[in-house]
Amino acid sequence: MFRLMRSDLYRLVHERKLWLALVATVLASLVQGELVALVILVLAAVVVGEDFRTGFVKNVLVTLPRRATYVLEKYVLVALVDVVLLLVALAVRLLSSLLPGAGVPMADAASVVLPGLLVFWLAILACSSAVVTAVLAFRSDAVGIGISLLLASSAVGDLVSKALRTISVEPPSLVRIPNWLLAASVGLLGGGAGTSGVSPAMVVPSLLAVAVCLALSVAAIDHVEC
Amino acid sequence: MTAAIEARGLEKRYGRRAVVGSLDMRVEQGEIYALVGPNGAGKTTALRMIAGLARPSAGQVVLFGGTSEPCGKLGLCIGACGLVGSMTVFQNLMAKALAFGVVGAVEHCAGLLDRIGLSDESGSRACDVLSGQRALLGIALALVGSPDLLLLDEPLAGLDSRERHLASALLEEASQDSGTTVVCAMRSPGIADFRISRYGIMNQGRMLKEMTSEQLEKACIGGMRVRTPHPERTIVLLGERLPEANVRMQPDGLLVVKDCDEVALATLLHESDQPVLELSPLRSDVDSILAGLLGGGDVYV
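Chains U and L, in that order, are what the protein sequence lines are. In terms of my numbering, the first sequence opens at residue 1 and continues consecutively. In terms of my numbering, the second sequence opens at residue 227 and continues consecutively.
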């Protein structure tokens with residue numbers, strides 16, 4: 001598993017997708033914090049899906065006595081990437097509070113953001129797990145990106161409604177669209193990269209979701225033919 | 227010695243359609259084995275089942291007697307070989323070397339690149355190199371970690387003669403120096419510059435015949451070409467002295483002699499009082515012979 005992890009980290013560092021995701025995270029943190037969740041989920045989908053798109057997974061699976069090892073490694077990798085991007089988002093948020101005119105002292109920003117960070121990481125990890133499961137089951141990062149959009153759609157929906165308001169077009173049916181989206185109903189990603197709306201009550205459901213997704217992923221990879 | 231691959235009653239079905247049906251196959255360690263057949267013969271599916279990438283509907287595959295872990299044993303290039311276009315040629319090899327835990331990965335990958343003649347391209351992105359070079363890189367990727375068993379699907383497809391020679395040298399070297407067992411699925415083994423130990427001829431999911439390279443070589447000689455100034459006299463002579471021979475005269479006077487011993491024919495012509503303008507084996511190429519076994523006709527050249 002550690003060999004695989006070394007290989008995956010090597011590929012992440014030498015490819016563009018991690019760096020693009022970091023840039024996207026910084027921009028998302030400045031523009032709309034909730035979009036950070038979308039960036040994280042899409043990156044998880046692309047990281048895992050690339051193995052299937054390029055056929056690298058074939059090289060790996062034939063070397064492993066048990067395919068579950070592959071799944072476990074991907075989960076650890078995704079958890080690690082989630083942490084990195086969340087920390088970047090957090091750093092940007094804290095730094096932006098120092099900007100003149102931000103009106104929020106850094107100490108206050110830190111006291112708001114830091115306590116909920118672990119909970120939010122778990123929530124993101126649960127969603128990333130769902131994305132990874134979808135990618136493994138369908139062997140497609142496109143499906144994973146679709147699931148990412150669905151899970152982070154409260155953020156997307158929020159952005160859409162803001163855009164609608166900006167251009168002063170407010171047809172009643174359109175502005176209600178975000179409320180119909182999955183994420184809005186589960187309330188999981190409502191807080192985006194910030195931690196408002198994230199409560200400790202989410203810890204157990206998040207852990208449970210990760211465990212269920214892990215089990216489903218192992219079952220999926222056992223049936224994958226490539 | 228334990229067989230590298232022992233497949234017994236291997237079957238693969240998708241619904242009612244059998245892609246591979248009851249395939250028995252044994253490949254000894256160190257052999258270069260060519261699975262030959264047209265598109266849809268089931269070669270690639272057979273390779274995927276051997277690699278463990280596809281689950282057989284029936285039957286089983288045992289690799290190296292089933293005594294060892296698969297780690298480090300298998301190198302493969304079946305379909306997409308795992309090349310990441312946005313990474314450099316060298317980085318692609320390194321990524322796999324790290325996944326395989328290769329000791330001295332940097333030197334190992336540099337050596338592989340040198341052997342396939344891509345050292346100059348090591349810093350180029352994989353998506354920017356020529357398609358033939360990418361195919362070579364796929365073979366090099368399969369060779370990362372010096373595997374004991376190499377499974378390749380159409381390894382020489384799309385390569386020009388120079389690249390084909392490089393790839394062939396690489397495979398032959400792996401087989402001879404490291405004892406790597408190589409199994410290639412090929413439509414046209416005639417283009418291979420490397421020594422193939424045995425051929426398994428497949429069609430419609432079944433193994434029609436297995437031949438050693440010697441048997442195939444023998445099958446390639448389809449008779450003798452004889453040219454003399456007086457072909458009619460030669461036909462009479464052959465009819466008298468070699469009655470079992472099947473002699474056919476072509477419009478230009480060339481005699482095609484089949485079903486007779488080459489040495490006896492040469493001796494007879496030598497002892498006859500007429501000059502011999504031509505005496506040569508009538509050969510067909512490997513692909514034509516295999517096409518004949520698959521149901522087409524032999525083409526002698």
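Calculated from the structure, these hints are not laboratory results. Check the hints yourself; a few may be wrong.
Below, a sample of chain U positions facing chain L; criterion: calculated Cβ distance under 7 Å [said to hold, decoys possible]:
{"no.": "1", "residue": "LYS58"}
{"no.": "2", "residue": "THR69"}
{"no.": "3", "residue": "GLU73"}
Pairwise CB distance ranges, derived in the manner of DEER restraints [to be verified]:
{"no.": "4", "chain 1": "U", "residue 1": "HIS223", "chain 2": "L", "residue 2": "ASP419", "range": "49 to 57 Å"}
{"no.": "5", "chain 1": "L", "residue 1": "GLY266", "chain 2": "U", "residue 2": "CYS226", "range": "16 to 24 Å"}
{"no.": "6", "chain 1": "L", "residue 1": "GLY291", "chain 2": "U", "residue 2": "ALA219", "range": "45 to 53 Å"}
All values reported here derive from a predicted model rather than from experimental measurement. The beta carbon of each residue, even a glycine, is placed where N, CA and C say it ideally should be.
Going down the list of hints, with the structure as the test:
1. LYS58: Holds: closest Cβ of chain L sits about 6 Å from U:LYS58, inside 7 Å.
2. THR69: 11 Å, violated
3. GLU73: Violated: closest Cβ of chain L sits about 10 Å from U:GLU73, beyond 7 Å.
4. U:HIS223 x L:ASP419: 49 to 57 Å: 40 Å, violated
5. L:GLY266 x U:CYS226: 16 to 24 Å: Distance hint for L:GLY266, U:CYS226 holds at roughly 19 Å.
6. L:GLY291 x U:ALA219: 45 to 53 Å: 30 Å, violated
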